[in-house]
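Engineer: Read off the chains here:
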Amino acid sequence: MSKNTVAITGNDAAAYAIKQINPDVMAAYPITPQTALVQKFSEYVADGLVKTEFVTVESEHSAMSACVGAAAAGGRVMTATAANGLALMFEIVYIAASSKLPIVMPVVNRALSGPINIHCDHSDSMAARDSGWIQLYSENAQEAYDNTIQAIRIAENMKVRLPVMVMFDGFITSHGIEMVDFLDDEVVQNFVGDYQPNNPLLDPEKPLTYGPLDLYDYYFEHKRQQAEDIKNSKPIILDVAREFEKISGRPYGLFESYQLEDAETAIVALSSTAGTAKEVVDEMRAKGKRVGLLKPRVFRPFPYQEIAKALSHLKAVAILDRSDSFGAFGGPLFTEIRSAMMEFGKIPENIDIIYGLGGRDINEQDIEGVYNQLDAIAKSGKVKERIQYLGVRE
Amino acid sequence: MTTNKQKGWKEIPKGGLILEAGNSEKYETGSWRSLRPVRDEKKCTNCLICWVYCPDSSIIVKDGKIKEIDYDHCKGCGICAAECPVNAITMVDESEFRNEKTEKGGKK
Amino acid sequence: MAKLKEVSKKQDILSSGHRLCAGCGASIAVRQILSACDDPVVVASATGCLEVATTIYPYTSWRSSFIHNAFENAAATISGVEAMYQSLKKQGKIDKEMKFIAFGGDGGTYDIGLQSLSGALERGHDFVYVCYDNEAYMNTGIQRSSATPRGVWTTTSPCGEVIPGKTQYRKDLTGIIAAHKIPYVAQASIWRWSDLIDKAHKAFYTKGPAFLNVLSPCPRGWRFPSEETIKMAKLSVQTNFWPLYEVENGKWKLNYKPKERKSVTEWMEPQGRYKDALRPENKQLVEEIQKDIDDNWERLLILCGEK
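Protein chains in written order, with the working numbering: chain Y, 1224 to 1617; chain G, 6 to 113; chain E, 344 to 650.
Isolated chain Y (complex conformation):
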């Protein structure tokens, strides 16, 4: 263990990443379970440890609005939020993406009201999946730290110039204490580099207009550009990951395959649940079961070819959704993957497991149960129920 390994919460790890990145402006509003992140950062500001102009806005809507103004002005901008805070800034989230502003925002995944619930699920960031932001999910505090730093390079790349959301689980990761390996300040500074402005408002020699009115003769063209741009961010996400591996020793990609290549059945799960599933995979493998795990990291742009290919050899796969889409045929991760599998490769038997809403816990026995179900499906070739709810009291 290096001297930079500390026991720290996910919030504090993300706050430390922001400190090392040292953005020009941060406009943020506190909301559970992100509050500790903002509080930690406030201490850095009060101690003069960052150059950041910290704007203590009066709502999340104003947080993202001020971020849009600051980013358009021409500098490095960050913020953070969760759940209803993300919901409140929703219209501006779309505007940040359509104006091509490279804002980076940790989102501490928490359930959307109502009833009001402060615990972990993915309904908040999933609701923003159409917004045009790049979306990265983090399994643990280490990934939250690493993804936040990489997000700056992804967002600010001149071929991308799109905002990036970095998710990590509320309370489970944000408040749980884990071992995190920090990079040196200089290493982070060199990695993120100086901010290169692109069409800044603050250049009186080159005045320009942000946010015009599009009538029906131009809106579609602007949206078509957005679709193309986010698609083209994929290779850059991989390039940044390669560079990051060189300075950290930690590899990242579009997703993580855990004992997947020779597996017969597998689970697809995001964030901390993937961490729990890895333990189950290890235990079951020791008993000779050929089980595996796919943990998506990049949700937008969705790596449909790569994930479909990685799953195509399986006999059965369970896709775990920590959010629901009422009225849809399954949760968001399920619908993305099932649709992707239609396009590419053989389609394994697949089921959707909706779980963990509002912080309902999922443990190793639950996951083992899912693998056992997959085993039965693989043997019989029959799926009794395509969309299932795990952990809810009937």
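To be clear, the hints were calculated from the coordinates, so they are not data collected in a lab. Be a bit skeptical, because a hint or two may be false.
To be verified - Which chain G residues stay away from chain Y? Per the calculated CB distances, all over 12 Å, these:
#, residue
1, 43
2, 45
3, 53
4, 65
5, 74
Claimed, not checked - So the derived list for chain E, only partly shown, Cβ under 8 Å to chain G, looks like this:
#, residue
6, 359
7, 374
8, 404
9, 405
10, 569
11, 570
12, 573
Don't be surprised by glycine CBs; every beta carbon is placed ideally from N, CA and C.
Please arrange chains G and E on chain Y, whose structure you already have, making use of the hints.
Structural biologist: Using the frame of chain Y, we list chains G and E on its own:
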């Protein structure tokens, strides 16, 4: 519905930005008019009240004097005529200028 | 004292070719206000008449940098721009003097934008906020706002069989802003252009937040001929409907006192939106409106030390 003149998605700047500041000057709102302000140069005292009250920057001032009215943009609201302290501006029916041609030969 | 011959030498930041209505009070306000800025300026605007008519893609009427974000967040947006400016200035990356101004209609200021305005003022950003008050949500077709005067017809407060137009009095936004204890607050009129340009200059060059409330008569929404915009602005002041005053570091100062206050009916008569209010059976309503104006004026006189 598209027109031939409008650019496709690969040609327009990204992010919805408009990079040419003040380019709305190219958009001629003068066609909105049904009444045209006509200034009597002899009566005009160059007080510039019409200039400060024009919603469309269509009173052109040079070196503290009224040079001309920008008929490419003047919407004919009539404020200048109403506010001129010496009644030097009259609102005249636009149809009286129907047969005038611009320098390029187009309709005025 | 602003001198037109000097002021007219500067190029307008708002160019022609915008699509605001003929006779629009808002564009007159914007032209007069921006003429008072001697430094490069970044303009933000809330969604509304001004923003929509000046930035129909691919055209923009703004010769300075301009940002439109959404309806309720002009103040939050400009506070982000200003925060970035402060940050870059402190880092030595920018050395020019720049100014920051946000425009919002009464919709985007009195109503949906009140929160973000209040927040930006409380945080003390160095910027100017101008409300061009045309007393309704004009851009979307004349719906009532909290700035709509009592008795007025709008599409969402029509004069019907049972309800006689807008029943509430206007919100005293300028008073609310003064209560934020920012360095400079003023109410101004496009009729008294010299007063408005001086106030705009003060607003730009006072350190910290400054707020201007400018009545912007709207020929379409108020139902008067387009050439009478300045006449309406003048009547609003002469009837004490729209008093002209400043609050500089908490000190209230009256800028104009009509020798003899005109009756509110002189304000109402030229405007079609008051047609119903002026019917003989609504005499009581007009008396109440007059009393409200007179009470507000008395209160203002006391605040300004004129009584």
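Engineer: For a quick check of understanding: which of the numbered hints are violated here, in increasing order?
Structural biologist: none
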